[in-house]
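These are the residues of each chain, in order.
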Amino acid sequence: MDALLTNVDWTEIGWASWDTLVMVGLSLLFSVLLGLPIGVMLFLTSKRQLLEQPVVYAVLSFVVNVLRSVPFIILLIVMIPVTVMLIGTSLGVAGAIPPLVAGGAPFFARLVETSLREVDRGIIEATQAMGANVRQIIFGALLPEALPGLIAGITVTAITLVSYAAMSGVIGGGGLGDLAIRFGYQRFQTDVMIITVALLVIFVQILQMVGDRLVLYFSRR
Amino acid sequence: MIQFEDVHKAYQVAGRAVPALQPTSLTIHAGEVFGIVGHSGAGKSTLVRLINLLERPTGGRIIINGEDVTGFDADDLRAFRRKVGMIFQHFNLLSSKTVEDNIAFPMKLAGVYSRAEIRSRVDELLARVGLTDHAHKYPAQLSGGQKQRVGIARALACRPSILLCDEATSALDPQTTQSVLRLLAEINRELGLTIVLITHEMDVVRRVCDRVAVMDAGKVVEMGAVTDVFLHPQHPTTRDFVFESENIDREERQQDLAHAEGRILRLTFRGESTYKPLLGQVARDSGVDFSILSGRIDHIKETPYGQLTLSLVGGDLARAMQALDAADVHVEVLR
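Residue numbers (the working numbering), protein chains in the order written: chain A, 1 to 221; chain B, 1001 to 1335.
Errors might be hidden in some of the hints.
To be verified - Here are the computed lysine-lysine pairs in the BS3-like style, where the Cα-Cα straight-line distance is at most 30 Å:
1. Lys1108/B with Lys1083/B
2. Lys1108/B with Lys1097/B
3. Lys1097/B with Lys47/A
4. Lys1097/B with Lys1219/B
5. Lys47/A with Lys1219/B
6. Lys1083/B with Lys1276/B
To be clear, the hints were calculated from the coordinates, so they are not data collected in a lab.
Generate the whole structure from the sequences, applying the supplied hints.
Here is the structure:
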């Protein structure tokens, strides 16, 4: 086994895995914190919804679309000055988080919007008929009813962030992607490449499994 | 009491105003069960949603318990809506909440009830709708009839004075429909709640309503006590509904009548006269022979009624007619 994996430094791999976990975890947290309100606003201001506001919707939707249509590799580069301004550096684990959030939040916002659309209009109407205000409709009915969809959305976002985080290795982002690029690609250490990719695959598998379990647990339909 | 004064509603579709409700004036009395019957698209859904302002009227005044609700600001409107319960065709329960949490939901939204108050009210309502054993289940685990009972309990949670029923039994099988209607009648009787019920089934109206409005193309075309409207429908739409509910095919009926001899009468009995041995007496006294071509003996809410189509031959016809008239039977000469 060791003969096959001559170049693999397991401590290095361990640290890189940890870095990936931290990047994905933190960027997922911020993506959800930012994406959830944006998604809720997208839903509420869209046509025939509670706070129908064509202009607000058009602006929000445009910004989200722009961020989503820029290839992530470009977004990584474009975000560098913003990242330096926010964090002081564009390198390492911390430096990777702003571009990851810039990619993850609009992605999650759209998923939030679609999962809110899945909520039966009748439930919103019934809640309105009970004398609920908009805040109560959002927190009392819309979000709880959309919870399984939201969890599925978080899962998909997390998995997307795993691949984005790996890509951030290109601009010195750290983590498994960084390892794969520096050793696997630039030094032709195929064994390092295989191990990092295998670890990423396992990571994604675990995320999907946990996500699916949670969706199932919260589905009462 | 619910009063509509020239209330009308039009929707903007692609820049054009499409009328959903023509100017309508009507009064629904406190404590009555008021039915609104009509085909889909007749405007009954719009009408019922105007009562709790889920739909805003394009014009006219809606006065409920003496207050013009169209002038309410957002806070007043929310407070008012708490006093108007509503149940729906597809129940619209929150799938993420248990039965008891669904029932407690409107009370929690109101924000004026203590935990203990909510607890005891939920228990009381669960008992009223017969779901005490299902308190911790989720809606997906219940049958249609049980879901509607949860809907009713939820609608009653904040002790409303008005209950709106939007096709509340249309998604239920006939037996479940009966039990839900019995529950609604019981609630109306015991709590003195005003119930406004929309349906496309005349049979639902016949079982629980006191008065009924028949709608067609955004207009109320006939309105009155259910006994009058049901037994003597005037408008063609009303007749369609009544015939439909009795499974009568009009053409078939015409053909049946064509084969009968003599004079054809339709007798309508109401109340106690329904059970009197009247026909035999009249036949003996006047010497007419009769045969029954069609008929139905049933109830409208609690009032028994009978409607018989007879052909009469021989004897003293005038005397027979007189005797029937004297016995408080409504006689219509069909031929």
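Practice problem: Sort out which numbered hints this structure fails and list those numbers smallest first. | Solution: Hints 4, 6 not satisfied by this model.
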